[in-house]
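Novice: Below, each chain spelled out in residue letters.
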Amino acid sequence: MENYVIEMLRIRKEFPGIVANNNINLQVKQGEIHALLGENGAGKSTLMNVLFGLYQPEQGEIRVKGNAVKITDPNVANDLGIGMVHQHFMLVDTFTVTQNIILGSEPKNGVVIDTKRAEKEIVELSKKYGLDVDPKAKIRDISVGMQQRVEILKTLYRGADVLILDEPTAVLTPQEIKELMKILKSLIKEGISIILITHKLKEIMEVCDRCTVIRKGEGIGTVNVQESNPNELASLMVGREISFTTEKAPAQPTEEILKIKNLQVKDIRNAMMVKGLDLSVRAGEIVGIAGIDGNGQTELIEALTGLRKAESGKISLNGKDLTNLSPRKITESGVAHIPQDRHKFGLVLDYAIGENMVLQTYYQKPFSNMGILSFKEIYNYANRLIEEYDVRTPSPYTQAKALSGGNQQKAIIAREVDRSPDLLIAAQPTRGLDVGAIEFIHSKLIEERDNGKAVLLLSFELDEILNVSDRIAVMFDGNIVANVKPDETNEQELGLLMAGSKKQKVGDQ
Amino acid sequence: MFSNRLFNIFVPIISVLLGLFAGAIIMFAFGYNPIEGYQALWDGAFGNSYFFGETIRQVTPYILTGLAVAFAFRSGLFNIGAEGQVIVGWVAAVWVGSSIEAPMVIHLPLSILAAAFAGALWGFLPGLLKATKGVHEVIITIMMNYIALHVSNYLIRNVISDGGDSSDRIGDTASLASNWLMELTDYSRMHYGIIVAIIAAIIMWFILEKTSSGYEFKAVGFNPHASKYAGMNVKKNIILSMVISGAFAGLAGAMEGLGTFGYMPSHSAFTNLGFDGIAVALLGGNTAFGTVIAAFLFGILKIGALNMPTSAGVPSELVEIVIALIIFFVASSYIIRWFLLRMRKEEK
Ligand SMILES: Nc1ncnc2c1ncn2[C@@H]1O[C@H](COP(=O)(O)OP(=O)(O)OP(=O)(O)O)[C@@H](O)[C@H]1O
Ligand SMILES: [Mg+2]
Numbered sequence: 001m002e003n004y005v006i007e008m009l010r011i012r013k014e015f016p017g018i019v020a021n022n023n024i025n026l027q028v029k030q031g032e033i034h035a036l037l038g039e040n041g042a043g044k045s046t047l048m049n050v051l052f053g054l055y056q057p058e059q060g061e062i063r064v065k066g067n068a069v070k071i072t073d074p075n076v077a078n079d080l081g082i083g084m085v086h087q088h089f090m091l092v093d094t095f096t097v098t099q100n101i102i103l104g105s106e107p108k109n110g111v112v113i114d115t116k117r118a119e120k121e122i123v124e125l126s127k128k129y130g131l132d133v134d135p136k137a138k139i140r141d142i143s144v145g146m147q148q149r150v151e152i153l154k155t156l157y158r159g160a161d162v163l164i165l166d167e168p169t170a171v172l173t174p175q176e177i178k179e180l181m182k183i184l185k186s187l188i189k190e191g192i193s194i195i196l197i198t199h200k201l202k203e204i205m206e207v208c209d210r211c212t213v214i215r216k217g218e219g220i221g222t223v224n225v226q227e228s229n230p231n232e233l234a235s236l237m238v239g240r241e242i243s244f245t246t247e248k249a250p251a252q253p254t255e256e257i258l259k260i261k262n263l264q265v266k267d268i269r270n271a272m273m274v275k276g277l278d279l280s281v282r283a284g285e286i287v288g289i290a291g292i293d294g295n296g297q298t299e300l301i302e303a304l305t306g307l308r309k310a311e312s313g314k315i316s317l318n319g320k321d322l323t324n325l326s327p328r329k330i331t332e333s334g335v336a337h338i339p340q341d342r343h344k345f346g347l348v349l350d351y352a353i354g355e356n357m358v359l360q361t362y363y364q365k366p367f368s369n370m371g372i373l374s375f376k377e378i379y380n381y382a383n384r385l386i387e388e389y390d391v392r393t394p395s396p397y398t399q400a401k402a403l404s405g406g407n408q409q410k411a412i413i414a415r416e417v418d419r420s421p422d423l424l425i426a427a428q429p430t431r432g433l434d435v436g437a438i439e440f441i442h443s444k445l446i447e448e449r450d451n452g453k454a455v456l457l458l459s460f461e462l463d464e465i466l467n468v469s470d471r472i473a474v475m476f477d478g479n480i481v482a483n484v485k486p487d488e489t490n491e492q493e494l495g496l497l498m499a500g501s502k503k504q505k506v507g508d509q
Numbered sequence: 510m511f512s513n514r515l516f517n518i519f520v521p522i523i524s525v526l527l528g529l530f531a532g533a534i535i536m537f538a539f540g541y542n543p544i545e546g547y548q549a550l551w552d553g554a555f556g557n558s559y560f561f562g563e564t565i566r567q568v569t570p571y572i573l574t575g576l577a578v579a580f581a582f583r584s585g586l587f588n589i590g591a592e593g594q595v596i597v598g599w600v601a602a603v604w605v606g607s608s609i610e611a612p613m614v615i616h617l618p619l620s621i622l623a624a625a626f627a628g629a630l631w632g633f634l635p636g637l638l639k640a641t642k643g644v645h646e647v648i649i650t651i652m653m654n655y656i657a658l659h660v661s662n663y664l665i666r667n668v669i670s671d672g673g674d675s676s677d678r679i680g681d682t683a684s685l686a687s688n689w690l691m692e693l694t695d696y697s698r699m700h701y702g703i704i705v706a707i708i709a710a711i712i713m714w715f716i717l718e719k720t721s722s723g724y725e726f727k728a729v730g731f732n733p734h735a736s737k738y739a740g741m742n743v744k745k746n747i748i749l750s751m752v753i754s755g756a757f758a759g760l761a762g763a764m765e766g767l768g769t770f771g772y773m774p775s776h777s778a779f780t781n782l783g784f785d786g787i788a789v790a791l792l793g794g795n796t797a798f799g800t801v802i803a804a805f806l807f808g809i810l811k812i813g814a815l816n817m818p819t820s821a822g823v824p825s826e827l828v829e830i831v832i833a834l835i836i837f838f839v840a841s842s843y844i845i846r847w848f849l850l851r852m853r854k855e856e857k
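Those sequence lines, one after another, are chains A and B.
According to this note's numbering, the first sequence is numbered sequentially starting from 1.
According to this note's numbering, the second sequence is numbered sequentially starting from 510.
Keep in mind that a hint or two might mislead.
[To be verified] Here are the simulated EDC-like pairs of lysine to aspartate or glutamate, each with C-alpha atoms no more than 16 angstroms apart in a straight line:
#	chain 1	residue 1	chain 2	residue 2
1	A	138	A	203
2	B	719	A	377
3	A	259	A	321
4	A	200	A	247
5	A	116	A	134
6	A	376	B	681
[Unchecked claim] Distance ranges between label pairs, derived from CB positions:
#	chain 1	residue 1	chain 2	residue 2	range
7	A	143	B	829	51 to 61 angstroms
8	B	587	A	92	19 to 29 angstroms
9	B	587	A	113	48 to 58 angstroms
10	B	659	A	110	42 to 52 angstroms
11	A	134	B	829	18 to 28 angstroms
12	A	341	B	841	30 to 40 angstroms
13	A	104	B	619	58 to 68 angstroms
14	A	68	B	555	50 to 60 angstroms
15	B	587	A	332	30 to 40 angstroms
16	A	443	B	711	43 to 53 angstroms
17	B	659	A	141	40 to 50 angstroms
18	B	833	A	106	32 to 42 angstroms
Don't read these hints as lab results, they were simulated from the structure.
Computed from a prediction, not measured in an experiment: that's the story for all the values here.
Even glycine gets a Cβ: it sits at the ideal position worked out from N, Cα and C.
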């Protein structure tokens, strides 16, 4: 008999109007990294929430180390040695790393918390597993990558030997992903078993031993990763063949749509992040901004969309000055924006998905007449977008927060692209999307371009930048340091440019 | 077991029942008969037409202060200042009601609007400070309550005074009182204000559920970042929401000034109408319809309780405790929600 640490057998979980998991089996071997693969909305997060005790299944059996168990809440899961890192971190911003890790299971010295001992234990743990953290730093001051390591340490500190990671790499930069992969490998050496949810087949091929595929709530099966390949995994997951490179005709750029001159923008801490940047995007082209996170990309986009004041410089669209106008004025001038942080900016999670589809246009005809909303028009429109962009939701009346992460993203993209703006700003548009959806979104961006729109794409994924852009602007330290053509460069060169170690004269396109 | 909608209705009902039950235990523990006590409460609210009229009279301002708190809450603001807004509304209503002579079709609406306007102004200031300076509205509204209390007392004693500790009486043309309703209810102080309150509830429902402004208010309440991203003017919405909230509370003052009393006595302490409005809104789930229902419950408890000392011998302090227990259980409805959710899980 196999030595399984986790066995989930014939699991069924329903939500109003939808069966999220139907008869799914998942068997995880001791000490392996087990991938969970499936399209957006396939039911991966749901299945893991069942295992972690957040949801109760309607049917099925869970065994941990051979014993049948009933996981009624996350405390039970903790006691069974199951730890979970959610896609959206659950850390207290103003607490230190140590405080966050021990929260809820503090080591006591009498009645006072023994911080010294806790710090020592954390340092030991982090050495043992190669999880580099600064125990005294506040969460709000550390990088996303380190926050994630804190989350992992939190589960290990509670004695977890089965680790669930829900899309850990969606929020990481390529460098951070490399580090995480190393960490995962060292964790299994210490006998920890890992369930990894990811949409990136490359990552599965690189670190996973086996992979369980689910499609539309149904278990499709489990494959040995070594005996498989990305194409097979993708077609198992989607049920059809997928192409990985996006077909596109050469760009035919015409007049200049967006022109940025000598732009300076500060961040919240009052540090200058965009330092006199020049950039232009023409109709009919996709300009990709490549760069390592933290080089002013966020501030640039927030200034372009009116979410942040520019200190100086000029932004114009079709010759019209947009600098420091309100977001509404900018939107009405023909700018659409797929925001990087979908939960913070992109959606009102408590609103129905249909209501979210008119987030910028609710006050315009036909959605509103003399200040009175027409829900008939709103939901008709929403139904069309849901259909056209394959947003998987039980109905347009479902609250946005009940959608799977990827489907929330698709809803935002549908809304922004469908307004068919002169300039589409897409910041990490495919974050958290499955390969099929990525293919679809890329073709949508290219379709917009072919319709004579200007597209500004920000992405940390070099694959995406190289595949989709017609021109790449490399951003480093608040400036565009290079303009390159995707077919005249490669990942290595881009990497050097992004690190600022190789300079190119700006302006030669 | 039940749908989500039903579930949301169940929670407050169970909270109230638990509160009544806890109240019964307290009465029992102190040697009073809970059945007699609650019988007295029921009779005190509905026992005869006088009590019934008084209950409706009490419900009227509760609806309006409840709406005030609920409206602000829906846009993410905590308006503790309903109390002060009631007071300035009352002053304004009585002032216009007593110092102007005009036919009723002008005088009465004008007096009511004056109250709404005064309340709106009292909401505007905290809204403005919150929107422009980021000062928390709770702090400012609490301070505005005290300003309202003391300014109104000054005005009542010195400016619109009847010479003593009360304001002038309002003219008949500004009065909401109705002989017909009074006779019908055995000379209770019931007045036409309940109509104003119900209309206000319908207006709130309409604004929030049917208009694009309501869409903005709620969006700002749920997620100000996304609202800003969507091009909404978050600051304007904060101010406007406080203004509308204040106007509702100001109307509650008009109910007292133009309906129940016909004048304004100087107050040594708060009226508590605004503070009770917080509990009303909470119990009503911050919806217009829920607030009306909750206001009725509160009115019944408040008026019915007056009968408990005389009919059942339960001291009024104990009555206060019983009411407080009900509020407590309502406020902790989150625990009840959790418990019900568990039951729902078990059942499946
Ligand atoms: N709390 C909920 N209430 C109602 N429906 C839900 C809820 N959570 C998830 N669902 C639905 O269940 C289905 C599966 O969602 P789940 O989040 O498990 O997908 P996923 O595989 O994790 O997708 P993604 O890759 O996009 O994160 C979706 O159709 C989703 O709309
Ligand atoms: Mg998910």
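Novice: Decide, hint by hint, whether the structure agrees.
Specialist: Going down the list of hints, with the structure as the test:
no.	hint	in the structure
1	A:138 with A:203	30 angstroms, violated
2	B:719 with A:377	13 angstroms, holds
3	A:259 with A:321	9 angstroms, holds
4	A:200 with A:247	20 angstroms, violated
5	A:116 with A:134	14 angstroms, holds
6	A:376 with B:681	48 angstroms, violated
7	A:143 with B:829: 51 to 61 angstroms	55 angstroms, holds
8	B:587 with A:92: 19 to 29 angstroms	22 angstroms, holds
9	B:587 with A:113: 48 to 58 angstroms	32 angstroms, violated
10	B:659 with A:110: 42 to 52 angstroms	50 angstroms, holds
11	A:134 with B:829: 18 to 28 angstroms	54 angstroms, violated
12	A:341 with B:841: 30 to 40 angstroms	34 angstroms, holds
13	A:104 with B:619: 58 to 68 angstroms	60 angstroms, holds
14	A:68 with B:555: 50 to 60 angstroms	56 angstroms, holds
15	B:587 with A:332: 30 to 40 angstroms	33 angstroms, holds
16	A:443 with B:711: 43 to 53 angstroms	49 angstroms, holds
17	B:659 with A:141: 40 to 50 angstroms	46 angstroms, holds
18	B:833 with A:106: 32 to 42 angstroms	35 angstroms, holds
The structure fails to meet hints 1, 4, 6, 9, 11 from the earlier list, while all remaining hints are met.
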